[in-house]
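Novice: Sequence:
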Amino acid sequence: MRGMDMELAYRMLDQVAAVPAGQVATYGDIAARAGSPSPRLAGRVLSELSDETTPWHRIVRADGTPTAHLRDEQLARLRSEGVLANNGRVDLRRYRYQPGRAER
DNA sequence: GTTATGACACCAC
DNA sequence: AGTGGTGCCATAA
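Note that our numbering gives residue 76 to position 76 of the first sequence, counting from 1, and the numbers run on in steps of one.
Honestly, the hints are just simulated from the structure, not real lab data.
Here the structure is a predicted model, which is why all the values come from computation and not from measurement.
Worth double-checking, as some hints may not be accurate.
What the hints assert, rightly or not - Beta-carbon label-pair distances, calculated as ranges:
{"hint": "1", "residue 1": "Asp51", "residue 2": "Arg71", "range": "18 to 24 Å"}
{"hint": "2", "residue 1": "Gly82", "residue 2": "Asp5", "range": "33 to 39 Å"}
{"hint": "3", "residue 1": "Ser80", "residue 2": "Asp5", "range": "29 to 35 Å"}
{"hint": "4", "residue 1": "Asp5", "residue 2": "Leu84", "range": "18 to 24 Å"}
{"hint": "5", "residue 1": "Asn87", "residue 2": "Thr53", "range": "20 to 26 Å"}
{"hint": "6", "residue 1": "Arg71", "residue 2": "Ala21", "range": "16 to 22 Å"}
{"hint": "7", "residue 1": "Asn87", "residue 2": "Asp14", "range": "31 to 37 Å"}
{"hint": "8", "residue 1": "Ala76", "residue 2": "Thr53", "range": "15 to 21 Å"}
{"hint": "9", "residue 1": "Pro37", "residue 2": "Ser80", "range": "30 to 36 Å"}
{"hint": "10", "residue 1": "Arg71", "residue 2": "Gly22", "range": "15 to 21 Å"}
{"hint": "11", "residue 1": "Thr54", "residue 2": "Gly82", "range": "16 to 22 Å"}
{"hint": "12", "residue 1": "Glu7", "residue 2": "Asp72", "range": "30 to 36 Å"}
{"hint": "13", "residue 1": "Gly88", "residue 2": "Arg40", "range": "18 to 24 Å"}
{"hint": "14", "residue 1": "Gly35", "residue 2": "Ser80", "range": "17 to 23 Å"}
We treat Cβ as the ideally placed atom computed from N, Cα and C, and that holds for glycine.
Using the sequences provided together with the hints, build the complete structure.
Specialist: Shown next, in the form of structure tokens:
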């Protein structure tokens with residue numbers, strides 16, 4: 001839609017869907033895995049194409065802080081999956097999903 | 001074509 | 001560590 005690269009957009013959505021419950025990924029992670037250099041594009045894709053089946057709440061910013069205008073709901077959803085935040089910040093060292101890397 | 005804006009990221013203070 | 005400036009890709013006016 002909007003003339004955007006839909007294949008890229010769907011790859012991003014796939015990567016979002018690939019993040020398991022209880023873990024998170026950054027916008028940069030999603031963009032990179034989908035083959036895009038632009039984290040902002042990942043954000044825009046989520047804002048426009050996400051639906052009830054898209055775990056958008058598992059995507060946080062590079063420093064572990066949740067999306068500003070949605071932080072309350074996002075943190076609540078993450079908390080319900082077992083992702084705890086300290087002072088509004090998710091511990092990426094602990095919860096970041098990295099494909100191919102063993103769980104702890 | 002130029003400017004402003006945005007679910008972001010990085011570097012400098 | 002928090003704040004601010006700049007870069008980034010794409011859209012809207």
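Novice: Could you run down the list of hints and mark each one as holding or not?
Specialist: Results of checking the hints against the structure:
1. Remark: the range hint 18 to 24 Å for aspartate 51 to arginine 71 is upheld by a beta-carbon distance near 21 Å.
2. Taking the beta carbon of each, glycine 82 and aspartate 5 are about 34 Å apart, inside 33 to 39 Å as hinted.
3. Checked against the hint of 29 to 35 Å, the C-beta distance between serine 80 and aspartate 5 comes to roughly 33 Å, which is consistent with it.
4. The supplied range of 18 to 24 Å is broken by aspartate 5 and leucine 84, whose beta-carbon atoms lie about 36 Å from each other.
5. Evaluation of the 20 to 26 Å hint for asparagine 87 and threonine 53 yields a failure: the beta carbon distance comes to about 31 Å.
6. For arginine 71 and alanine 21, the hinted distance range of 16 to 22 Å is satisfied, since their beta carbons lie about 19 Å from each other.
7. For the pair asparagine 87 and aspartate 14, the supplied restraint of 31 to 37 Å holds, since their beta-carbon distance comes to about 32 Å.
8. Taken as a hint, the range 15 to 21 Å holds for the pair alanine 76 and threonine 53, whose Cβ atoms sit roughly 19 Å apart.
9. Our hint of 30 to 36 Å for proline 37 and serine 80 holds, since their Cβ atoms are close to 33 Å apart.
10. Restraint check, arginine 71 to glycine 22: a C-beta distance of roughly 19 Å satisfies the suggested window 15 to 21 Å.
11. Separation of threonine 54 from glycine 82 is about 19 Å and conforms to the stated range, judged on CB atoms against 16 to 22 Å.
12. Roughly 34 Å separates the CB atoms of glutamate 7 and aspartate 72, a value that falls within the hinted 30 to 36 Å.
13. Between glycine 88 and arginine 40 the Cβ separation comes to about 22 Å, which falls inside the hinted range of 18 to 24 Å.
14. Between glycine 35 and serine 80, the C-beta spacing of about 31 Å breaks the proposed range 17 to 23 Å.
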